[in-house]
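Visitor: Chains as they are written, first to last, in the numbering used here: chain A, 9 to 158; chain B, 9 to 158; chain C, 9 to 158; chain D, 9 to 158.
No wet-lab data here; the hints were simulated from the structure. Ideal placement from N, C-alpha and C gives every residue a C-beta, glycine not left out. Among the clues, some could well be false.
[Said to hold, decoys possible] One-sided excerpt, in silico: chain D residues whose CB lies under 8 Å from chain C:
#	residue
1	ALA48
2	LEU81
3	ASP83
4	ILE86
5	ALA91
6	MET137
So the chains spell out like this:
Protein chains: 4
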Amino acid sequence: MAQDFERDVPPSGRFDGRTHLLPARVYYEVTDFTGFVYHAHYLRDFERGRSDFLRAAGVDHTALAGVDTALTLTDIAIKYRKAARIDDALIVHTTFGGLAGARILISQRITRGPEVLVEGQVTVCCISMTGQAKRPPALLVDKLKPYLDT
Amino acid sequence: MAQDFERDVPPSGRFDGRTHLLPARVYYEVTDFTGFVYHAHYLRDFERGRSDFLRAAGVDHTALAGVDTALTLTDIAIKYRKAARIDDALIVHTTFGGLAGARILISQRITRGPEVLVEGQVTVCCISMTGQAKRPPALLVDKLKPYLDT
Amino acid sequence: MAQDFERDVPPSGRFDGRTHLLPARVYYEVTDFTGFVYHAHYLRDFERGRSDFLRAAGVDHTALAGVDTALTLTDIAIKYRKAARIDDALIVHTTFGGLAGARILISQRITRGPEVLVEGQVTVCCISMTGQAKRPPALLVDKLKPYLDT
Amino acid sequence: MAQDFERDVPPSGRFDGRTHLLPARVYYEVTDFTGFVYHAHYLRDFERGRSDFLRAAGVDHTALAGVDTALTLTDIAIKYRKAARIDDALIVHTTFGGLAGARILISQRITRGPEVLVEGQVTVCCISMTGQAKRPPALLVDKLKPYLDT
Numbered sequence: 009m010a011q012d013f014e015r016d017v018p019p020s021g022r023f024d025g026r027t028h029l030l031p032a033r034v035y036y037e038v039t040d041f042t043g044f045v046y047h048a049h050y051l052r053d054f055e056r057g058r059s060d061f062l063r064a065a066g067v068d069h070t071a072l073a074g075v076d077t078a079l080t081l082t083d084i085a086i087k088y089r090k091a092a093r094i095d096d097a098l099i100v101h102t103t104f105g106g107l108a109g110a111r112i113l114i115s116q117r118i119t120r121g122p123e124v125l126v127e128g129q130v131t132v133c134c135i136s137m138t139g140q141a142k143r144p145p146a147l148l149v150d151k152l153k154p155y156l157d158t
Numbered sequence: 009m010a011q012d013f014e015r016d017v018p019p020s021g022r023f024d025g026r027t028h029l030l031p032a033r034v035y036y037e038v039t040d041f042t043g044f045v046y047h048a049h050y051l052r053d054f055e056r057g058r059s060d061f062l063r064a065a066g067v068d069h070t071a072l073a074g075v076d077t078a079l080t081l082t083d084i085a086i087k088y089r090k091a092a093r094i095d096d097a098l099i100v101h102t103t104f105g106g107l108a109g110a111r112i113l114i115s116q117r118i119t120r121g122p123e124v125l126v127e128g129q130v131t132v133c134c135i136s137m138t139g140q141a142k143r144p145p146a147l148l149v150d151k152l153k154p155y156l157d158t
Numbered sequence: 009m010a011q012d013f014e015r016d017v018p019p020s021g022r023f024d025g026r027t028h029l030l031p032a033r034v035y036y037e038v039t040d041f042t043g044f045v046y047h048a049h050y051l052r053d054f055e056r057g058r059s060d061f062l063r064a065a066g067v068d069h070t071a072l073a074g075v076d077t078a079l080t081l082t083d084i085a086i087k088y089r090k091a092a093r094i095d096d097a098l099i100v101h102t103t104f105g106g107l108a109g110a111r112i113l114i115s116q117r118i119t120r121g122p123e124v125l126v127e128g129q130v131t132v133c134c135i136s137m138t139g140q141a142k143r144p145p146a147l148l149v150d151k152l153k154p155y156l157d158t
Numbered sequence: 009m010a011q012d013f014e015r016d017v018p019p020s021g022r023f024d025g026r027t028h029l030l031p032a033r034v035y036y037e038v039t040d041f042t043g044f045v046y047h048a049h050y051l052r053d054f055e056r057g058r059s060d061f062l063r064a065a066g067v068d069h070t071a072l073a074g075v076d077t078a079l080t081l082t083d084i085a086i087k088y089r090k091a092a093r094i095d096d097a098l099i100v101h102t103t104f105g106g107l108a109g110a111r112i113l114i115s116q117r118i119t120r121g122p123e124v125l126v127e128g129q130v131t132v133c134c135i136s137m138t139g140q141a142k143r144p145p146a147l148l149v150d151k152l153k154p155y156l157d158t
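Okay, chain A solo, but in the shape it has when bound (with noise of 0.2 Å):
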């Protein structure tokens, strides 16, 4: 058979230092009739890079969900800098700040070769699967310990 089950898993991009990088491509779907990426897609984007900071450190959100948890965004700023086109290549930049109660505070960046097209600021917080406001659990924190800044 075709397929090798070792060779073809998706790639989690990979730390530089406290910092992950996710390689993403543009394609057809997030551009819009402008030329550019369609400004949403880049939170979409930033939750790619936050999901694979997680797989990378070992806690993903099947993980997660078997300890009652989900991350839920409360605030979120971006600026946009400069627009990205079909076939770019992008590395989406991860950065967890540390933990606040229920909440953690990370910084994110999309850059394409030495350009900085997009920064945001993401607060994200630990919920419980039925909605709750939760501290993060042990697990989720253990993991996180090599890659928060304090």
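For this one, chain A is given, so just place chains B, C and D on it according to the hints.
Guide: The following block gives chains B, C and D in isolation, referenced to the frame of chain A:
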């Protein structure tokens, strides 16, 4: 023929004073596995609110493209207060604050009945179809004037 | 307070005989860099048509979930005839053909004025919230009966 | 600087014989409230598979636009067999069948380990950037030749 071109026009909301109100339904697509609406979706609802504000004011994207103008976001700051679920009936509120050079400042909210779910501060910039910042064309300024905070 | 809960309800389209008609606007988000609507978007419009067919018939996804039922697609076949552009006013036409065990056969079309842009044949299957196929619950059958081709 | 332009390039999958394999991860965004992947999302994964098939064969959308060519879908038929969930590691399989005038016939599958989740038959058509059907340009034909079923 069953369809009635006059009757079955997509609604573009209505103005209440200077604020534009656009009803929006939560469909399958915009929920995620936590059962709530995916956070980036609200930016799409905000964009629909801004587009229909302009349409209801008498100027749509096709008309703007006819004078070599598109609108692009430069800054967005969002607070998520409560979460929406499948089938919820929401209202997107859009108020244009004022013009500042190529920029337009816009306040937006999403409500469900008496509850405020999401609040956003958005800055858009007028650009030519090749991506250069430009002052808002007369076509746009004239249509916006009755709705600006001056 | 500016919003009027009775007045600003998202419209759910209307029936013309057995066919449900839902107006739909083309917004920024659903276009791509070619200037036309991205092909996968029409499946989202089709889903909105099916959801609002059910809502207009008196049964929404929340009510279905209350009897442990969701609808999932098993087959879809689509013909793309013409392309839509930004600001276009479209109509989503939805006709439920009949029930066959756990399955429901549905015909859909998207039109712009007199032109047919997209045609689809869709088969959906009733499933429990854990993903098992099941016969349509009485709640659904009763509401659908007036609109089925029998 | 942390990023490495050579190292952090988005992967474009690989060929196994004439079939292109692209790994794809299930992120938050593509799930819906039933806990499974939203059906229309697989069309986006299929499009990424086709785009990266072309990119891996040596021709991307930017290059095609340079010879006044884009690809548009005319027909798609999809069978949904099993559902994917958050964090699943999928593979998108893409095989180009042959050229027929302006049209290209393509078979696609999405698998998770040994399971086939989704199967699709797709017909795309070469169009000019103004939307007219045209024969595939030499640039495209030359790059595709090694991968066609002839």
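Visitor: All hints are to be evaluated individually against the structure, with a verdict given for each.
Guide: Outcome of the hint check:
no. : hint   : in the structure
1   : ALA48  : holds, 4 Å
2   : LEU81  : holds, 5 Å
3   : ASP83  : holds, 6 Å
4   : ILE86  : holds, 5 Å
5   : ALA91  : holds, 6 Å
6   : MET137 : holds, 7 Å
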